[in-house]
Amino acid sequence: MKNKYIIPGILAMSLMTASCSLDYEPVSDYSDVTEGTIDNPEEEVVYQNRADAESALTALYEDFRGNQNFLQLDWLLIGDVHSDNAYAGTTGSEVVDPATNDLNGTTLCVNRDWDYYMLQAAKCTKFIVGVGAVGDNSLTQDEVNTMRAQAEILRAFIWFRMVRMWGNIPIVTTIPRDITSENISESYESYFPAQNTEAEAYQYILADLEDALRYAPNGTGDKTRFSKDVARALLAKVYAEKPVRDYAKVIQYVDELTSAGYGLCPEYGDLFNIDGAVKDGFTATPLYTNTKESILEVHYPVGSGNWASWMYGRCLEDWDNSFSWAKWITPSRDLLAAFDKVGDVKRKEQTVVYYECGWSNYYPSDNYAFMYKVRSGYSNIFFLRYDDVLLLKAEALLNGENVDLAGAAAIIDQIRERAGVAKLTAAEKGNRQSLFNAYVNERRLELACEGERWYDLVRLDLVEEAMAAAQRNDPGRLPIAVPYTANSYLLPIPQSVLDTNPNVVQNPGY
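In the numbering used here, the protein residues as written are 1 to 510.
If you are wondering where the hints come from, they were derived from the structure by calculation, not from laboratory data.
If you're wondering where the values come from, they're calculated on a predicted model, not measured in any experiment.
Just so you know, even glycine gets a beta-carbon here, dropped at the ideal spot from N, CA and C.
Where hints are given, some of them may not hold.
Okay, the calculated beta carbon distance ranges per label pair [unchecked claim]:
id	residue 1	residue 2	range
1	Ala410	Gln48	48 to 56 Å
2	Asp102	Glu267	37 to 45 Å
3	Asn218	Val244	29 to 37 Å
Cut-off 25 Å, straight-line C-alpha distance, at most; resulting in silico cross-link-like pairs (BS3-like, lysine-lysine) [stated by the list, open to error]:
id	residue 1	residue 2
4	Lys423	Lys341
5	Lys341	Lys429
6	Lys292	Lys423
7	Lys346	Lys292
Let's have the full structure, built from the sequences with the hints guiding it.
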């Protein structure tokens, strides 16, 4: 009789659904390795019929839509509070630790995010593996390819976030066999894999996205779907960020999105404004949805709103709902000064709002600043926008093999003109360093309180410089607990993972 073994912990729970073999080099072309494989052929039927497979794909979309505490709230906590864009808001260690660079293996957001992303990647892998072997053979190969591609986009999105946060991560691409008394030795590494290097992780991400670009649904008016255009936008971001960057690819994929009809909304506020007055008794639905600027967003129609808005300020569809405690992601004075320095009224008004409240942690209670980009329980939440990747094209023109200052300046001016900000001066346009500085600031203002600032600073090697300036110039910042160094660029691996998986190594400095 075979004895089965139970692997403890949330990490193992995710790996029970999917795991990886690390005995091969990552590949760039599509194969059964990048698609995912089943370690136990005897149990290869994951979905019995078409309905099971369709239900599983729907569940992946619903998980993406429903888990904004990880996908948006914690993303802003690291991206903006851990940078110079925002203060913690509340006074608990959950948010103060990222604000003061006091992170370690027991930090709450670090632990729960690792567990969530590992589990969601494992769910994607289960689908990618299982959809190719539906029990009743009711799916055509084209249908299998299209369904699999959508899960590949989501898995790539998750892995991209993880590699940006932690660097070396375990890449899981198989469903492991049950551990029995006969196979426990050879199965152990399937459940407790070592980390892939950052470069290897990017190879897997690119393989998923390149396959998805062949088979995913075409982009349509519904920006909630994992389409070819989502794959293109992610490819642009990945090629701008991976250790060996390929700026020509960034330009290629942004140009493909432009050719597909993506562009800037006439007004920056079209992305965030709501339809209705600003107080009591109205639905507060988005003024515009599925705009030409949006590439991937999540919707919360009336009757199924999200809770995110009351984490940041007032819920404009219910003025006093949950407005009895200090909120998260409080815009910093340093960010406000950056808006004011260039006369950026439009974007500042869409990013920051002032209310009277019952606390004064960072501002006077009678004129307290709140993050304003998610202002209603029915607000759309954006994950990919054209303005983000368009600015990455400017970065590629500045830093790529063929430097094009005029082309980069034209993009920056296009973004500034929409915001009502004066165009770059001739002196700024003619000097690469001045133009680069303007570019960095433009991304800060355009994407403020959307979670990108920290990762921009890391990608551009500006963490120490920016955070030292914020510490000097921003009287509202809490004192830092640990100096910012190159070791700060990655987050700590959760201690619970180190305790349960001896093949995972802590990042330097923690």
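Check: In ascending order, which of the hints set out earlier in this document are inconsistent with the structure?
Finding: none
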